[in-house]
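Participant: Residues per chain are reported as follows:
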Amino acid sequence: MRETTQQEDFLRGIWRENPVLIQMLGLCPALAVTNNVENSLAMGLATLFVLCGSSLLVSLCQRFIPGEIRISAYILIIATFVTVADLSLQALVPDIHKALGAFIALIVVNCMILGRQEAFASKRPVGRALLDALGTGAGFSIALVMLGAVREVLGSGSFLGVSLFGPSYEPWIVMILPPGGFLTLGVLLLGLAWWQERRPDRIEASQRRQAGSQEAIAVAGIATSGRPTPTRGEAG
Amino acid sequence: MSELSWIFLSAMVVNNFTLALFLGLCPFMGVSARVETALRMGAANIFVLVLTSLTVSFLNAFILERAPYLRIISFIVVIASLVQIVETVIKKVSPTLFRELGIYLPLITTNCAILGLAIFQTNRDYNVFEGLAFALGAGFGLTLALVLMASIREETELADVPSIARGMGLVLIIAASLSMGFMGFAGLLSST
Amino acid sequence: MRRNSTFHSGVHPDDAKELTAASPIRRLPFPDEVVLPLQQHTGAPATLIVRVGDRVERGDMIAAAEGFISSPVHASAAGRVAAIGPWPHPSGQYQTAVRIAVDRYAAQTPRRRLVPNWEGLSPKEIVAAVQQAGVVGLGGAAFPAHVKLSPPSDQVIDTLLVNGCECEPYLTSDHRVMVEYSERVYLGIRIMLDCLGIRRAIVGIEQNKPDAIATMTAAAPVDLDIEVCGLEAKYPQGAEKMLIKSLLDREVPSGGLPGKVGVVVQNVGSVATLAEVFETGLPLIERIVTVTGPGVREPGNWIVPVGTKLRDLLAGSGGLADDASEIIFGGPMMGVAVASLDTPVLKGTSGVLVLSKGEAPPREDYPCIRCGRCLDACPVFLNPQRLGNLATSERWPEMLENHLMDCMLCGCCSYVCPSNIPLSHLFTTAKTAIRRRPVA
Amino acid sequence: MSGGNLDAGTLDVAPAQASSLRMVASLGTAGALAGLLIVVVFTVTLAPIEAHKAEVLKRAVSEVLNDPASYETLYATPQDVFEAPPAGGAERNAEKIYVGLDAKGRATGVGVKAAAAGFQDVITLIYGFDPTTGKLLGMKVLESKETPGLGDKIEKDLSFVAQFRGATPPLQAVKRVTGAPGEIDAITGATISSRAVVRIINESLERLRTPIEAHFEETSP
Amino acid sequence: MDLYAIFQSILILSGVCVVFGALIALAHSRFRVFEDPRIEAALELLPRTNCGACGSPGCRPFAEGLVQGEQQPASCTVMGPAEIEDVAQLLGVEAGEANKRVARLLCAGGSHVAVQDAEYRGFASCKAAASVAGGGKGCTWGCLGLADCEVACDLDAIHMSAALLPIVDPVRCTACGDCVDACPKDLFVIMPLEPHLIVQCRSELEGEEAEGLCQVACNGCGKCVLDAAEGLIDIVEGLAVIDYTKHGLEAPGATKRCPTGAIVWVENAQLLEGTGGSATDASQTAE
Amino acid sequence: MTASTRIVSASPHIKQGDSTPTIMWSVVASLVPVVASAIYFFGPSAILVLAASTAGALAPESLLGGRGARSLRDGSAAITGILLGLTLPPGIPLWMAFLGGAFGIGFGKLVFGGLGQNVFNPALLGRAFLQAAFPVAITTWPIRAESWWNLRGDNFALPLMSPSVPEAMTGATPLGLMKFEQMTTPSWDLMLGTTGGSLGETSGLIILICGLYLAARRHLDWRIPASILGSVALFSTLLHGLDAARYPGPVFMLFSGGLMLGAVYMATDMVTSPVTHRGCWIFGAGIGFLVLVIRLWGGLSEGVMYAILLMNALVPFINRATQPRIFGTLGVGGES
Ligand SMILES: Cc1cc2nc3c(=O)[nH]c(=O)nc-3n(C[C@H](O)[C@H](O)[C@H](O)COP(=O)(O)O)c2cc1C
Ligand SMILES: Cc1cc2nc3c(=O)[nH]c(=O)nc-3n(C[C@H](O)[C@H](O)[C@H](O)COP(=O)(O)O)c2cc1C
Ligand SMILES: Cc1cc2nc3c(=O)[nH]c(=O)nc-3n(C[C@H](O)[C@H](O)[C@H](O)COP(=O)(O)O)c2cc1C
Ligand SMILES: Cc1cc2nc3c(=O)[nH]c(=O)nc-3n(C[C@H](O)[C@H](O)[C@H](O)CO)c2cc1C
Ligand code: SF4
Ligand code: SF4
Ligand code: SF4
Ligand code: SF4
Ligand code: FES
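Chains as they are written, first to last, in my numbering: chain Z, 9 to 244; chain L, 410 to 601; chain X, 712 to 1151; chain F, 33 to 253; chain C, 355 to 641; chain R, 432 to 767.
Quick caveat, the hints were computed from the structure, so don't treat them as lab data. Each residue gets a CB set at the ideal place from its N, CA and C atoms; glycine is no exception. The reader is advised that the hints may include incorrect statements.
[What the hints assert, rightly or not] Some chain L residues flagged as far from chain C (calculated, every beta-carbon gap over 10 Å):
hint, residue
1, Glu445
2, Phe456
3, Asp534
4, Pro571
[Stated by the list, open to error] Listed next, the in silico EDC-like pairs over lysine to aspartate or glutamate satisfying Cα-Cα at most 20 Å (straight line):
hint, chain 1, residue 1, chain 2, residue 2
5, C, Lys610, C, Glu565
6, F, Lys128, L, Asp534
7, Z, Lys131, C, Glu394
8, F, Lys167, F, Glu215
9, F, Lys85, L, Asp534
10, L, Lys500, L, Asp569
11, Z, Lys106, F, Asp153
[Claimed, not checked] Quick partial rundown of chain L residues pointing at chain X, CB under 10 Å, derived from the structure:
hint, residue
12, Glu474
13, Leu567
14, Ala568
15, Asp569
Just need the whole structure built from these sequences, with the hints factored in.
Facilitator: Set out below in structure tokens:
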């Protein structure tokens, strides 16, 4: 496996391998609780806590865990931290706990967390694992807050509870309903793809290609049927 | 009886686990490229959900009565272990099935739908039968969403989708559309 | 007896036959050169038996059949073999052809009978004689006629269907044959029935040719079980599977041949040619070609030697109109466009259609709107919409799963598609690609 | 795409299969440690959580019972009212009710929790009922997933909530008020949720009214 | 703190864990399937383009082949030397020797030098055009320029020149052969990258007939046969054919007297150097 | 004839007359009477709302549609815009109508690759979005206006701002009355359109006639409206027979709400309906069934839009399951 620098370990999760935006992991909480910024933030932080805690522990204990029960053991560790987080939130900020509902408990099954244990923490020294967990957790929180911001601004006309447009604003209720979650993330991904496609190197490549084919068509005087770029079997 | 059917329908269409409650999205995104696989994943999910529901009823009744704070952890450990056992068995019995669902079999364990079912069932104090209706509704709802999504995705594979929408962007927008469609079922059987 | 007088689906293009339907069949002067490709039929190409410089008489064999499913080629004019090499072929590829410089001064008649008299021949001998005479189907596929006359022993044939539909718009060669040579058609039928050892034949003619129906009915011999049936004028009534469905209400199984349901189908032109071969003693060296369309000045039905170059044929038809834009061998629905004026007429060329600019305007294509018209039009009930989609992304294996091989490339789907999607062309392409590189 | 990072990265080539005993032992130990940790956290957080819950309940009860001095928790079944959870078969059907007491310890009304399907999902509410007058004292929605902006008016629209104070059950949700007793003016745009609230209260009272009234007659002659 | 509660919770959880740990252990011992983990590990390092250039149907079968010693890491044409070394190290085997091969085009008759008999109107694909009067191009063997090969090349190694000829980028080309399959005119061959002679024409016509349709056609004059080593080149059906089994005899001299420039000496990229035809300029403008 | 003037193309070399744009534009033309009746009943508001939704549909199509102006010339976006407008209440703020059109085309059509590639009916997706986003505005129905010239609501509300509609001006639709107040509306009112409701749903008879014209020109598949209306009529007759007090009869069910418009113009969108005949029957019956389920047992008073969208989602599946029987496989049975 390719070696990575410490900086990379941390930054990777924030952007290049952002769990939500790039890897599409942990989507359930990312969509379910992001109807406002406050909840998103709370969820992000709770997840960050669990992720760091369990990465730390998994990385510490990696030698003692037999391969066959690896998953069960990771889950046990994660679940412990989740229970701790659940109880603490309930004690400290009961209102937010109520708003997040079952999704605090569901951090246990956030694929992202288990994924980090499997792919990273279980094979790295503690420091590395912790950095990675911090990065990934931060990336997750950032994505959640982005989603939450869009949904709250459009769906309630406010940001962190502060009204932005005055009382006669017509909220787009759909944004805080389930379709709004899918939609916001979908649009975010479209924007991301668009942005990436506009990066100079890509533009050049695609222009070159297109120029070729278009000329071909123009020169041969072919009037009809542009063809779609073929999808080869396994799209998606 | 009508209570049971409401639970079933509510979990299946009104509050569809995937499209309205956002549970089990990872497999929904990952395993919905082919109708075939989607159906299998759905079947596997129904199976695990029912298994979970029974397990949870049992745990709640006999073990966790005294220690409700151990719910999350016990549920997940028990479910994860059960699925892992099932997985090991399937790997042996039907390698093809195993390959088809590949990495997602273990992911069923770490699928929000499963634990979500356990938690909702507990919070709502469902008895065994209500729990089963709930699990079946949730399972069929998941399967429905998966299969719809898969058949649409197969269709769009032949379409001239703009490059920026290829992949998950389009999938999410389809999910949003489906989710809006399912809003039509809101209030089903409760409006009188 | 007949439950169906037509089949499901299909399309109703304007038949445009009035251009030549009333033109009697006439002979054109011999050209200076004829070009005879070795591949003029379905099956193995013939093997060359002449060399450059050889002198050949009209009717001499210049290439011999290569096995049973093959057919020989004969010199269609007396002259000298000027060259042998690649030459434009209607298929679009260059193919090996024999160029014969026609002898201006030779009497273009045979010196002796080359085909035996049919009376008294056994079926086996008839089959051999038919093969030696190079007779192939003139209805389009150019399938060697003798093969159809010797069905495998496990097939019980009970009916001969004579295909006089000529459902392609514009073309009238079969029509004229039925009007002018009905006796010859019946002689051909008699020989075939004799050879097949059966008594029943049905002649199917589309109702847009009332004169042909009338002549054929009047000329029908009374000693044979022959019926002349008018059929709905609808494309592709003449496709053999559709014809069998219409006349006998039998469905040829998917992937099977008419023999599977006890039927032999022959085009009227083929039947008449068969008779002609035995009558005149000359092998198949001439054929009737309709030259028509808004792009030719003098449309007509001509008898020409096989191998006549397009150039000469058009010259005989008054030349091309100024706005001629596309030259097609065959009809507008299934015919193939040719690029070179040197392309020769083959045994299977039933017509040459020249479209003008107005007739074939460039059309804009749109994405498929899933209107389903192509499904409604497809006579064999395929799903051209899906097949077309698969074809544009070259997903051949899935196309096979969707029954590509049942497609007979009739073109109905393309004809009706409002979005102008070249469906049947895509299927041709797919079939070719699959034939070149078989997929698992 | 998803799960891309989850591939079993078994670079540590084929560890010799662990012995079953070791697996069981390590899982057991881990479980024990986890249990220990959780129970410690639980014990620490127990007090604030319970306090908060009690506070919420108290606020709800005082809202629907017009600020009683105190309240006591009883258990009701369609047959009877008990001081402690009844044992045996009746156990499952017993519902908690909260009897409000004034400063002198006299019962002023009873708060009942009830839940049933609303527009989106289950609505849970608590209402106050005065068996002596046969009137409602108030209603408060505790939990609902009704549409924000529409259905959630059943908790946020104060004029809707206010209608329940003094209403005489059985209630009826109507779109055009005629002045008949028990009429509740349904919220436009949330007719279904309004009706659900009304239905929940009606059904709950239908079940528990007799035992509650009986209990009241016994305790406050 | 309530000791009873602590005791109870430890008991419950460790009990649950022990029971299920035992069950898992049981399942494992009864149902375990062995799969060499090195396959997965090697696959991790492979490019996973599934191009098939290595001769296996995809990367996973290649990985299996590697583990079984039936394949050499260097057979993968997509990986660079460093990556190949990684795989070799992982498996503890020799990297093997790579033999860079690329796709070469057997036609130089771009739209600037070849005659078009008729305008093709229809679906823009070579395969489709080939079935309509051969695409209307005068030379029936020549490139139709509708870019089926460009589309087929997953590695973006082909782009069409201004003269509508596909230009192969030898650096990107992995010799996967997709273009060979895609071309309806069979104009691509896969051959070693080393310098050698190529006859960039497949026309079977001879002399003026050939030149009449395309200025850079091989007209079968036979001059290259004389200029090359004995037996290296032969004229078959109007076309110069090189016997590549005699690779050692190849030399640039054979192209010297070719009247049309159909035979070329190719060192790296084709159609860029020494083609004699103006496809050179065309491809350079397209670069 | 020089080489450059000669062409070669694939067979068939002749084509049937209809092309995609002619089909689309003739649908637009057939909508004229429907639009006219909307204007007759709802005055200037109708014109404004239809213009806004059409502009909303055309905007993204012309900005992002690609292929030059072709995607505008084919007329499909115009249909989307007009049909969306026809499903909206007359008093809706124009910015919402515009947004609905833009959403429908943007997320219902362009992300799938434009004309012909979409899965959901763009107009209805736009409406579904509006209904989910602004449930109040989209269910605010005007009562009869004083004069034709009056606006029927706050059409000119500022973008992003709520409309202000005096409570006194709002009424209810026949379906709303039926569902929430158990009041039925006379059948003739329903057929002639003298009731409250969205722009295009108030005159069932006109829509039916336009539909017959389109069906005769083969621009829509008659099987779809036939099976929708048939199944609604059948089920509602049955239920009405069971409990006449609870379930209204077939005439009311057929002519109230958006059923006519939906059945004739929206379910028949060829892009989003099945291609096979059997598929069309199943699709239509499914819509009819879902309409009744939602209207009778669901929480909303009208379900045509949701029914069509849900069945749209099933179309790929239906198409696959109803492949026609290949010629020459008699007795072998259909293809799955
Ligand atoms: C779409 C289609 C249309 C056809 N139309 C005719 C026709 O009009 N007349 C005809 O004789 N053969 C037609 N054929 C060819 C027949 O199917 C069949 O091959 C022919 O009648 C057999 O006779 P032959 O062998 O004598 O040519 C058509 C074939 C196809 C696929
Ligand atoms: C997105 C959406 C959400 C809705 N949410 C609710 C709701 O939470 N509660 C409710 O009673 N009705 C809800 N409705 C239903 C409609 O508002 C319904 O038409 C209304 O209840 C009818 O009542 P009205 O006649 O008072 O307007 C919702 C409708 C939509 C479109
Ligand atoms: C084709 C068409 C489809 C419609 N579909 C719906 C729908 O699915 N749901 C809906 O609430 N309104 C729909 N409408 C508008 C309704 O007719 C209107 O909402 C209904 O008559 C009144 O219901 P409400 O008072 O509950 O909002 C549609 C209108 C048309 C023209
Ligand atoms: C009969 C018919 C009905 C149509 N109905 C709709 C419709 O309901 N909604 C819509 O957006 N477009 C409709 N269109 C237009 C077109 O099919 C639509 O824009 C496509 O869905 C876009 O891909 C219709 C077209 C026809 C011919
Ligand atoms: S060309 Fe093939 S698919 Fe098209 S209508 Fe004819 S048989 Fe059917
Ligand atoms: S006829 Fe054309 S537009 Fe209609 S479904 Fe078939 S391919 Fe698509
Ligand atoms: S498709 Fe051809 S050019 Fe592209 S990589 Fe493969 S062999 Fe090379
Ligand atoms: S080389 Fe072949 S595939 Fe490529 S453009 Fe030329 S003809 Fe087409
Ligand atoms: S986060 Fe819910 S299934 Fe992955």
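Participant: Is the straight-line distance between the alpha-carbon of Lys610(C) and that of Glu565(C) 20 Å or less?
Facilitator: holds, 18 Å
Participant: Quick one, are Lys128(F) and Asp534(L) close enough, alpha carbons at most 20 Å?
Facilitator: The given pair, whose Cα atoms are some 14 Å apart, holds under the 20 Å limit.
Participant: For the hint on Asp569(L), does the least C-beta distance to chain X fall short of 10 Å?
Facilitator: holds, 7 Å
Participant: With the threshold set at 20 Å, check whether the alpha-carbon distance from Lys167(F) to Glu215(F) stays at or below it.
Facilitator: With a Cα-Cα distance of about 13 Å, the restraint between Lys167(F) and Glu215(F) holds, given a limit of 20 Å.
Participant: Can we keep the Leu567(L) interface hint, with Cβ of chain X closer than 10 Å?
Facilitator: holds, 4 Å
Participant: Taken at face value, is the distance from the CA of Asp153(F) to the CA of Lys106(Z) at most 20 Å?
Facilitator: Holds, because 16 Å separates the two Cα atoms, which is no more than 20 Å.
Participant: The output says Glu445(L) does not contact chain C. Does that hold with a beta carbon cutoff of 10 Å?
Facilitator: Glu445(L) clear of chain C: closest Cβ-Cβ about 20 Å, beyond 10 Å.
Participant: Measure nothing beyond the straight line between the CA atoms of Lys500(L) and Asp569(L); if it is 20 Å or shorter, mark the hint as holding.
Facilitator: Violated, at roughly 38 Å.
Participant: Would you check whether Ala568(L) satisfies its interface hint, that is, whether its CB is within less than 10 Å of any CB in chain X?
Facilitator: holds, 8 Å
Participant: Can we trust that Asp534(L) is non-interface, i.e. its beta-carbon lies farther than 10 Å from all of chain C?
Facilitator: holds, 21 Å
Participant: Does the structure keep Lys85(F) and Asp534(L) at a Cα separation of 20 Å or less?
Facilitator: Holds, at roughly 18 Å.
Participant: May I ask you to check that Pro571(L) keeps its beta-carbon over 10 Å from the closest beta-carbon of chain C?
Facilitator: holds, 18 Å
Consistency note: the structure conflicts with the earlier hints numbered 10, 12.
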